[in-house]
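K.L.:
Could you put the whole structure together from the sequences, leaning on the hints where they help?
2 protein chains.
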Amino acid sequence: MGLAERKEREKNELRELILLKAKEIISKEGQDKLSIRRIATEIEYSPATIYLYFQDKDEILYQMMDKGFEILAHQMQDVYLETSALRRLFLIGQSYIRFGIENQDWYTLMFNSASPMNHIERCKSEWGHGIAIFEYLVSTCREALAEAKRTGIDERILALQMWSTVHGLVSLSNTQRLTIVDGNCTTGMDCPLIDLTLENMMFTLFNHKI
Amino acid sequence: MGLAERKEREKNELRELILLKAKEIISKEGQDKLSIRRIATEIEYSPATIYLYFQDKDEILYQMMDKGFEILAHQMQDVYLETSALRRLFLIGQSYIRFGIENQDWYTLMFNSASPMNHIERCKSEWGHGIAIFEYLVSTCREALAEAKRTGIDERILALQMWSTVHGLVSLSNTQRLTIVDGNCTTGMDCPLIDLTLENMMFTLFNHKI
DNA sequence: CAAAAATAATGAACAGTGTTTATTAAATCA
DNA sequence: TGATTTAATAAACACTGTTCATTATTTTTG
Chain A
11 MGLAERKERE KNELRELILL KAKEIISKEG QDKLSIRRIA TEIEYSPATI
61 YLYFQDKDEI LYQMMDKGFE ILAHQMQDVY LETSALRRLF LIGQSYIRFG
111 IENQDWYTLM FNSASPMNHI ERCKSEWGHG IAIFEYLVST CREALAEAKR
161 TGIDERILAL QMWSTVHGLV SLSNTQRLTI VDGNCTTGMD CPLIDLTLEN
211 MMFTLFNHKI
Chain B
11 MGLAERKERE KNELRELILL KAKEIISKEG QDKLSIRRIA TEIEYSPATI
61 YLYFQDKDEI LYQMMDKGFE ILAHQMQDVY LETSALRRLF LIGQSYIRFG
111 IENQDWYTLM FNSASPMNHI ERCKSEWGHG IAIFEYLVST CREALAEAKR
161 TGIDERILAL QMWSTVHGLV SLSNTQRLTI VDGNCTTGMD CPLIDLTLEN
211 MMFTLFNHKI
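So the sequence lines, in the order shown, correspond to chains A and B.
Residue 11 is where the first sequence starts when you use my numbering, and the numbers rise one by one after that.
Residue 11 is where the second sequence starts when you use my numbering, and the numbers rise one by one after that.
The list treats identical chains as one, so a pair stands whether inside a single copy or across any two.
Straight line, CA to CA, 30 Å or less: simulated BS3-like cross-link-like pairs of lysine-lysine: (1) 33 - 43; (2) 38 - 77; (3) 43 - 67; (4) 38 - 67; (5) 77 - 134; (6) 77 - 33.
Just so you know, these hints were derived from the structure itself, not from any lab.
If you're wondering where the values come from, they're calculated on a predicted model, not measured in any experiment.
P.N.:
As structure tokens, this is what we get:
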């Protein structure tokens, strides 16, 4: 009775093929080149077939968001090696920003786009990776507050403040708002303004120069 | 020779009519209901006609961004009445966030969307209102730093940090990221988490409770 | 005033998009 | 083999932005 199993496996394989192609298209040509029809022609199936494996485009984008979190996790690997919570917080911020600027399409999908969240709401799915990253930030904030001997600050609020700041930086940078406000800030990475702001954030929050 | 003038005026009138309808559609039904064809049918002209008055949709969105800044300026009126720079900074943040959450479509156009910026780059136009608002923030930061007797902080970096934080909050809130990270934070306005974060920002930056 | 030139507006097409449904082809079951 | 279930698709629907040749309309000129 291995027939049903093979069938199941083949179904999963096509599903994965769709997601693979989707990831490929986003990586090579960006979000707005990703279309159902484009995926279909690339995997040599009809567009309608895709709807046998995903209920709509939002579901595919939701899955793509997860692929993005995999990339982010990979790029954050060595952050965990840092023992000082203060310096770790700084490194988290730095690699978060770096990721957001170097992988604009993935970043948008994960933190700035409505579609994947629509799927979550509609299907009562979860934003698991997002929550996990935030909780890690919260606990690192708690450690850092202790390390800097700073009291009277809620670690959860602090985490949200830090997240908002770096997210804001990435978002403003990616949508060309920084380039215009400050000419020194050339498009893309190595914008001195962003580094200075991150350092300033650490300084104002913990009275510690990193 | 008032003929050429009347012609000119009529051209401007149709141009303004297009922008007016665009604004109406965004206000009533949101950004993604705004289409060239929709505007065309509403003003009872053919879609092609619109291209005699605007070079593409990006230019219309650029103009819409400006309309958005008008709304923001209007909602920020009474902020300037506050004499304390510290409290003024807080009020700026508060009304910025309020505006961003209550006018999601306008906010996205102004601070989170690529299209209007494309037009700026392509046509060497200016993001005048955006720069003006940022410069006002910078000078208020300078005042506030003096008021709080805080030294060793660059007012420009500080302004960017504050902008990033509030922009981040609005952006995360509008794209449903906060609702999920914290259940207490119901969608839309009066999210206690946002208020607390804004207060925490003021406290960490100036050691002053507002 | 009539003919010519300039201007304004449009119909129709191009090249896309997401999604649905009735139909056909293939594989499995009895 | 024939019936039934499953998988895939062609075709259509309702949209999108944009372009261009063609048709009114208006203005200018002889």
